[in-house]
Amino acid sequence: MKQIHSAAIFLLLFLGPFVSQAGLMRVQSDTYYSQRKGDDKKTEMPLYEQFSVSYLTDTRQESFDIDFSYAYDFEKRNYDFDLYQLNGQFEFAQKKAKLSVGRSFQTYRLIRSSVVDSISSSYLFFEDRAEAGVLLGKARQFELDRDEEEANISAVFVDYKTADVFPWKWGARVENRDFSAVQRENYTWGKASLKKEWPVSLHPEISLVAEKNLGNTSSYRHEMGVDLYPSIYTTYGVRLQQYRMNADESWEDPISSIFSRSEIREMSLTFGHKWNANWYSGGDVAVDTYDVEPGRSTTGGKLEALVRWQTEGQYVEFNAFRFSSFGGWALGEKVRWVHPLSDKMEWEMSQEYVEYEKITSARSAASSTQLGFATWLWKHCRLWVAGEYNRNNFYSQDISFLSRLTIYDWREM
Amino acid sequence: MRWILIFAFLPMPLFARTGLIQKFDHQFHETKVFSQNKIKCSDCHNLEESRDQKMTPLEALARTTFKKSIKQICHDCHQGEKFPTAPKACYTCHDTQDRMLNIKPLNHQNAVWKSQHATQARADSSQCVNCHSVNQCSKCHSARNPVTNTNHSRNYKYFHSIEARMSPQKCDTCHNKSYCVRCHLGGVK
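One line per chain: the protein sequences are R and E, in this order.
For the first sequence, position 157 matches number 157 in the numbering used here, and the numbering has no gaps at all.
For the second sequence, position 66 matches number 66 in the numbering used here, and the numbering has no gaps at all.
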C-alpha cells in the first residue's frame, strides 16, 4: 500500500507541471494474443501489450510521453519488457529555451531516428522561427529476446524557417555515434534538408534531404519528394532516392549490405483522386535498381492500386498489389469493410489473399481473415476487439485475438 | 433587411453535416468575442457594413453566406498572434476522431503513404507533430517484434524475401542482419 502511495505521489509531482496547463492527453493500449506455430515450427502462445500515454500542452512547448511493451509466451515461458519512452520536455525560459530529459524516440533532433536516453537543450530565435540545440545521450536498440544494445551519441541541430505564409524550411544536423560497446567504430554523420511549398498552380510541395557519413566511408542517402495538387481533390507524388550504406555502419550490418554491392536507386510515382464525397482511388508504381555483384545489376518493381468507398459510417477499401524482384513475385489483394451496427458500434471485416512464387519455394498462397467490433465506451474512449485467422497452404495456421483501447481527453484552463 | 439575413443563414443546418459548423457557438462568440474585439458581421459574412452599421447584402450572398472558406475564417483568429487570447489548440474545434479525420491531408489517403512519409518527415518532422504524437512514431519504429506484425500485413512473413530483394534499403529502416538470422539461421544469442 505504501508503494502505491509513493508511486501516486511521484506521478503527481512528475506530471504536475504538465497537467496544470491546457493540453491534450492520449492513452492507448494494444493487446494481442495468439496461438500458433512459431517460425521454429513449435507451438507458441504469445501475449503482447503495448501501452502509451502522451500529454502535449496547447503551447506545444511542454510534453510528456510514456511508451512501453511487455510480452509473455505461455507455452515457452519467455518474458520481455521494453521501455521505449519516459520523457518530459519543459520550457525553462518562455519562448526562449527548452529542455528535454529522459528516454524518448528522437525523430527530429537526430539524423537516424532511434530510442535515446538523453538530455537535450534547444534555444529559440527570430520569433520562434529558428531553433538550435545540442543532444547528449545513449542510443538503444530493442528486440524481443535480445539484450539491449547501446551507442553513445552526441548531436547538434539547427532549424530555420522564413517569415512567409508558405515558408522555406531549412534544417541541418551533425551527429556522432560511438559503437565501441559492440566493438565497432564511431561515425559522424551530417544532414541538410529543405522543405517548401508554393501557392501557385499545381501547388508544388518539395522536400529535399541529403545525409552523408562525414568520415572516410562512402555511406549516404539523398532523397527528393515532390507532391503536386492540380486541385483540392487530386494529388500526384514523385519520390527519388539514392542510398548506400556500408556494412559496418551501425550496431550490426544493415540488411541492404546482404544484397547490394552498389548504390540503390529508387523512383516511385503516386496518384490519388477524390471523385466525390464517397469515392477515392489511388495508385503507386515503384522501381528499384542496384548491383547484386560488381557489374551485374538487378531491377525490381511494385504496382499498387486502391479504391475506397465511404459514406457516413460505412467504409469499404479494396487494395490490389503486385511486386517482383530476382527473389520471385507476389500478387495479392486486401479488402476492408467497416459497417455501423448502431451510433456507437460497428463491425469490421478484413481479408487478405496473396499468391506468391519465390526462388526458394514453389507457388503458394496465403490468406488472412479478421473480424472485429469497435465501440465508443464514451465520447473520447474507443474499444476495438478482433479475432483473426491466418492460413498458409505450405506453412501453418494460427488464430489471434486483438484489442485496442484508445482514450483521449483535454483540459482547457 | 432582417428577412434577407434570416434567409441567408437558413442554409446553416446543411453545413452542420460537416460537423465543424455545428461546433461553432455563434451566441457565445457574439456575447464574449465579437463586440470586445470589434469584429463585424461583414468580416466573415457576405455583407457590407456602412459607418452607421447598416448592412447591405453583397451579390455573393446569393451563393454563400461566407466571404472565405470556413477553415480560413476560423483560422484567422485561432491561429497566429492576431488574437492572443483565442484558443489555439486544434482540438478546440477538431475535438473528436471524426473531426480530425476530416482534415486528413490528401497525400495521406493513398495506400502507400505509410512507406512514403519518410521523405517529408526527414525534411520537416515538425509538421508531423501538428497532429501526431511521438508515441505514434515509436509504436512502429521502436517496437519491432515478431509477435504482432504491426507494420506488415499478416501474410508478409511468407513473401518478405521478394520485397527485401527489391528494395533492401527499406528493411534497414527498422531491422538489422540479426533480425534475419533469428529465423534463417536458427537464431542468435
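Since the hints were made in silico from the structure, they are not lab data.
Glycine is no exception: its CB is placed at the ideal position from the N, C-alpha and C atoms.
Wrong hints could be hidden among the right ones.
To be verified - Label pairs and their in silico Cβ distance ranges:
1. E127(R) with A86(E): 14 to 22 Å
2. F83(E) with L269(R): 37 to 45 Å
3. I119(R) with F83(E): 33 to 41 Å
4. L101(E) with V385(R): 19 to 27 Å
5. A192(R) with K54(E): 25 to 33 Å
6. A132(R) with F24(E): 33 to 41 Å
7. S42(E) with L214(R): 55 to 63 Å
Verification of the hints:
| no. | hint | result |
| --- | --- | --- |
| 1 | E127(R) with A86(E): 14 to 22 Å | holds, 18 Å |
| 2 | F83(E) with L269(R): 37 to 45 Å | holds, 43 Å |
| 3 | I119(R) with F83(E): 33 to 41 Å | holds, 36 Å |
| 4 | L101(E) with V385(R): 19 to 27 Å | holds, 21 Å |
| 5 | A192(R) with K54(E): 25 to 33 Å | violated, 58 Å |
| 6 | A132(R) with F24(E): 33 to 41 Å | holds, 40 Å |
| 7 | S42(E) with L214(R): 55 to 63 Å | holds, 58 Å |
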